[in-house]
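Following the hints, position chain B against chain A.
Protein chains in written order, with the working numbering: chain A, 1 to 305; chain B, 1001 to 1226.
Hints should not be assumed to be uniformly reliable.
As the list claims (entries may be wrong) - Here are the simulated BS3-like cross-link-like pairs (lysine-lysine), alpha carbons at most 25 Å apart as the crow flies:
hint : chain 1 : residue 1 : chain 2 : residue 2
1    : B       : Lys1094   : A       : Lys11
2    : B       : Lys1112   : A       : Lys11
3    : A       : Lys11     : B       : Lys1089
Keep in mind that the hints were calculated from the coordinates and are not lab data. Computed from a prediction, not measured in an experiment: that's the story for all the values here.
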Amino acid sequence: MFLISSYRVGKFALQNFWRNFWLSVITITMLMLTLLTVNIIVVLNYVTDRAIQAVEDRVEVSVYFYATSPQTAVDNAVAYLRSISQVRNVQVITADEALTQFKDRHAGDEVITKSLEEIGNNPFGPSLVVKAKQVSDFDLILEALENPQFRDQIREKDFSNYQDIVARIKDTTQRIRMFGLALSGVFLFIAILIVFNTVRMSLFIHREEIGIMKLVGASNGFVRSPFLLEMILLSLVALVATLAIVYPSLAALEPKFGYYFGGETIGLIDYFEKNGWEIFGLQFVGLAALTLISTGLAMRKYLKV
Amino acid sequence: MISLKHVSKIYPPNVVGVEAISLHIKPGEFVSIVGQSGTGKSTLAKLLFAEERPTRGTIEIGGWDITNIRDHEVPLLRRQIGVVFQDFKLLQKKTVYENIAFALQVSGTPAKRIRDVVPLVLNIVNLSDKTDRYPGQLSGGEAQRVAIARSLVHQPKVLVADEPTGNLDTLNAGEILDLLKKINEFGTTVVLVTHDRDIVNRLKRRVITLDGGKIVSDVEEGRYRL
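So here's chain A without its partners, still in its complex pose (with noise of 0.2 Å):
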């Protein structure tokens, strides 16, 4: 009895999708662009979140310390640093490195040779470059370095300030996000409207056929289900064509967001690979109890059964 009301309940769903196909489509772009919109969010959360963190890759301090400071102070202030927990990684440049480094670098150039030769001994002290974890821990890591253990053995602190980019790029991002949500927002009240209307006027449509089918003893299970079904169907569709179009729109952009951030491929296919399930199932989990909710909405107040 149930399987066989279940396979009339989805003739009729289909028969209803058919019948009023052109309603269908206008309901099917509507859910389609409000998918769109939530896509582009995720899409610029994903890009942004990996802006943020490339400029953080980038971001360190350089530590210099005196040719004549010595190797405990290095090392405390090594041992120091490591041990903060905003501190990502600290790299240790010893004064023959630094030398090697200068002297590679200058390879080419005689004045700077011979200047070396004169002055005779490594007139490098060691360094240390320290990266965070934050460009916010920045701060906590300049005052780490005042430290009385090996406050007076550092010569300079290099550090340029990121922290306006960071800031900038967070803020940008989220006046982008905020618009994005508030242009969602608009999308589904109109796939809303439609959707309430889709069936209002399916309602009206087949009142003839809903009125016989209470007559001749439908139940109003029986009444209802076609129409939820029917939504549940539209909200299925509108997500496999929003897949058609994400897909192969990621794959065209991948690139192009490559050449952003020196020639990385970025990794967004694989991100939406890998939780393309989550993604993609809470999408539709939502837009089919938005459409639910609204058919309901749509029938407690058209269909008096």
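Just chain B now, kept in the frame of chain A:
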């Protein structure tokens, strides 16, 4: 079979549909409810298949008190009461067979039983040769016979016919009347709502006359007198 006690139906703000109706219809009876337009005949019919709920009084059908019937129970009631209307209420895009099968499909009847039952009822209404026709290709009398066939698929204990001959000529009306009598002979209680004088006089069965929403006469072997 059917019992109404002090039943009134008042539509807002204060329009009387029927007022203080009390009647009892025995199983297998054939009862005509007559009266001029606006006297409450159709309201009374609607109360019987729960399209309307009474404002006051109680209604019982087959021992089932349907006075305050719940929404989810209405389909169960309608599978026990066949209903026929003046405008046939057939689906124009479905064939004769499909229209009748539809009543069984929506109540979850298995396909095999539908294949067994539909030809039987088509045979009763003498339309076995027109199963593939659409309502638009039928005469008024034939369309009404399809509607009657559809009302019979659940083997109802009661058949309520609301002006079934209203759209038909004398010949077709006579055929419908004969069909209703035949159904009544099978044991189904028939409640015929009509204002067709000839039909009522031909029947020579119980006649309940309404006027102003009230019963003004109830005669065992009556005639149309207004």
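Going through the hints against the structure:
1. Simply put, Lys1094(B) and Lys11(A) have alpha-carbon atoms about 15 Å apart, close enough for the 25 Å limit, and the pair holds.
2. Between Lys1112(B) and Lys11(A) the alpha-carbon distance is near 18 Å, which keeps this suggested pair within the 25 Å criterion.
3. For the hint linking Lys11(A) to Lys1089(B), the alpha-carbon distance of about 22 Å falls within 25 Å, and the restraint holds.
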